[in-house]
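Same order as they appear, the protein sequences are chains A and B.
Each residue of the first sequence is one higher than the last, beginning at 1 in the working numbering.
Each residue of the second sequence is one higher than the last, beginning at 1001 in the working numbering.
FYI, nobody ran anything at the bench for these hints, they're computed from the structure.
Keep in mind it's a predicted model, so treat the numbers as computed, not measured.
Ideal Cβ positions, reconstructed from N, Cα and C, are used throughout, including at glycine.
Check the hints yourself; a few may be wrong.
Claimed, not checked - One-sided and incomplete, this derived list gives chain A residues near chain B with beta-carbon spacing under 8 Å: (1) A293; (2) K296; (3) C462.
To be verified - List time: in silico EDC-like cross-link candidates among lysine to aspartate or glutamate, alpha-carbon distance up to 20 Å: (4) A/K24 x A/D147; (5) A/K24 x A/E452; (6) A/K417 x A/E452; (7) B/K1039 x A/D174; (8) A/K51 x A/E299; (9) A/K120 x A/D174; (10) A/K417 x A/D393; (11) A/K123 x A/D174; (12) B/K1092 x A/D424; (13) B/K1092 x A/D147; (14) A/K276 x A/E299; (15) B/K1092 x A/D199; (16) A/K123 x A/D111; (17) A/K123 x A/D49; (18) B/K1092 x A/E171; (19) A/K24 x A/E299; (20) B/K1092 x A/E452; (21) B/K1039 x A/D199; (22) A/K113 x A/D199; (23) A/K123 x A/D199; (24) A/K24 x A/D393.
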Amino acid sequence: MALWKPDQTFYPSPRMAMQAPPEKHAFVVAFNPTAQNGKPDALCVLDLDPKSPTYGTVVGRTEMPNAGDELHHFGWNACSAALCPYAPHPHVERRYFIVPGLRSSRIHIIDTKPDPRSPKIVKVIEPEELAARSGYSRPHTIHCGPDAIYMSALGAPNGDGPGGVVLLDHESFDVLGRWEVNRGPQFLAYDFWWHLGYDVAITSEWGTPNMIENGVVPDLLLSNQYGHSIHLWDLRRRRHLQAIDLGAENQMALELRPAHDPTRAYGFVGVVISTKDLSASIWVWHRDGGQWAVRKVIEIPAEPADESQLPPALKPFKAVPPIITDINLSLDDRMLYISCWGTGDMHQYDVSDPFHPKRTGTVRIGGIVSRAPHPKAGGPVNGGPQMLELSRDGKRIYVSNSLYGSWDAQFYPEGIKGWVAKLDANPTGGLTLDREFFVTFEGERPHQIRLEGGDASSDSYCYP
Amino acid sequence: MSHWPWFAVALLGAYHGIDPSMGWLFAVALGLQERSRAKLIESLFPIAAGHLLSVGLVVALIAWAQAVTASQWLRPAGAAILILFGIFRLVKPRAHPRWVAMRVRMPELALWSFLMASAHGAGLMLFPILMDLPMPAGMHHRMPGFALHGHPTVLQGIAVVLVHTGSMLIVMGGISIAVYEWIGLAILRSAWINLETIWAAALIAAGMLALAI
């Protein structure tokens, strides 16, 4: 259905999107780690309206048709990129979620209207179709682009590489095919985003499905076989431009957060772990003359720990690695939020000067050793801040605690008890835990969180 | 003699000048990206040139058809094309070329504008007006209108294209500079009404009108 006026959740610029009203619902995927019991994963709806009697609880739940999908990341059919001047379609609705199963490669199209509390599955794309049309498998990141829906995929149907990017039609949701025309040396895949103002795309590297699906493989990690490069692409011509190696010891360059302002040609990428000293790091990519360059701007060290408190995988190292698994950038490109799933820290950094970040806040929840309590839980909690989502106005952060089924088991072997917590952020510096907001998931683990109307990682903008 | 066809030609140009998807918004975006009003103004001309080419092609086609076909078929055929195209725009309102992105060279911008105007049916809408332009003095054609041979009518065709595109350029220039300098793009959220549906309906109405007159 076409609208008469542009969808009111579309904003020309990130600056304008910061004026958006506070979100009333969050959508979060819940993954069943014991799929053998036949219980499917679900898309859950959280009530975020403080005036509502059901505030801070799960008020909606849509189960997938099959068990074992391992829902992970998901995204909208349309967003502010629909206002881009060269292919405008402002009268479409932000309405459907594209929700892939990372393990099953099955893609669900879920309608959030008319009632956001009871989303409906309207289409399912089976893994065979994705494979036949694109050659890819294990779909991951979704971004609504100006001309199509873009989706990264970790690898090929046989579990090997290369991984890449798939295009979906933004009206019919049909798989249109592989995005790359020339992939150059790129083989590993993970995240995907862009600088729309520069016609440049960026991709990052995790591992092929075979390298990750049965847990992190210590031999591969210690021999630096996981991804440690980012790739820059000509977004328009779909060609590889440049690979930038962060150094082999910087294992797993995952989340990409380019500046939201389309005139700014820089962004942040998080590195999970260094095999030199178990530290984690944040790097900035930026234009350097006609080329692109990177610089490490934040390093978070591992914390020494007693062997008895560590899971078997970490005992030899006598330390807890921070494990940066997610980052998020406020819409004014000012604050960078960093989840350290190992230590349990959520950091806030002022990145007004991207090359000289200043830490302005930290909150600890859970953690491999610290098990920092949440007041509402009445005691220690496990898992740590992982997927984090930031409201458009930059004031509220919602965070879930599960990483990926087989990896959860290695770092939290007792089994992660799923939760979503909320932090309050001061957009100019400062971070506090909301002591009242704590949503628990029985037998399920929450992963990515999306906010109704858009959030700090859902939209792209063509105007500064 | 009535001047209404010329007003209509100019009004249609102004309409395309107002429609953000026909070009002014792209010019504003390019200006904002470079933080340069000069870039914005520079972008307006290739957009107008592409539009001119698209409209000019349709006008030339109509003139050619007038010259080579029996005149009693031209009006119903043109009207049918208008109505069918209008129905197509109603059914597929978001059908448009997916080409270029933010980094465009000026010739690409002209080609983009040509494609957008053509996909939109910008020139087609001129058909009923062209059919009713008063025959210039001294012409002895069977029907009013204009033909490839005979200088006054070729000039008339050129004048139609220039008036249309000139009007578009003036309106597009005014809006884009006003939005860039004073108004701001937030106006898009409230003022960007769904012109596609209105336009599709107008195409159909114009086709019907061409048949009726």
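- Message: Run the distance test for A/K24 versus A/D393: straight-line Cα separation, threshold 20 Å.
- Response: Holds, because 13 Å separates the two Cα atoms, which is no more than 20 Å.
- Query: Given the hint that A/K113 pairs with A/D199, does the C-alpha gap stay at or below 20 Å?
  - Reply: With Cα atoms ~33 Å apart, A/K113 and A/D199 exceed 20 Å; violated.
- Message: Just to be careful, I want the Cα atoms of A/K123 and A/D199 compared with a cutoff of 20 Å; is the pair within it?
- Response: Violated, at roughly 31 Å.
- Message: What's the verdict on A/K417 and A/D393, does the C-alpha distance respect the 20 Å limit or exceed it?
- Response: Violated, at about 30 Å.
- Within a Cα-Cα threshold of 20 Å, do A/K51 and A/E299 meet the stated pairing? Distance of about 40 Å is beyond 20 Å: violated.
- Query: Does A/D147 lie within 20 Å of B/K1092 when you go C-alpha to C-alpha?
  - Reply: holds, 15 Å
- Under the criterion that the straight-line Cα-Cα distance not exceed 20 Å, is the pair B/K1092, A/E171 satisfied? holds, 11 Å
- Query: Holds or violated: is the Cβ of A/A293 closer than 8 Å to a Cβ in chain B?
  - Reply: violated, 20 Å
- Item | 20 Å Cα cutoff - pair A/K123, A/D49 | Status violated; Cα separation ~29 Å.
- Message: Check whether the Cα positions of A/K24 and A/E452 lie no farther apart than 20 Å.
- Response: holds, 7 Å
- Is A/K123 close enough to A/D111, meaning Cα to Cα at most 20 Å? holds, 9 Å
- Query: When you check the alpha-carbon spacing of B/K1092 and A/E452, does it fall within 20 Å?
  - Reply: Violated: B/K1092 and A/E452 sit about 28 Å apart, past 20 Å.
Checked against the numbered hints given earlier, the structure breaks hints 1, 2, 4, 6, 7, 8, 10, 12, 15, 17, 19, 20, 22 and 23 and satisfies all the rest.
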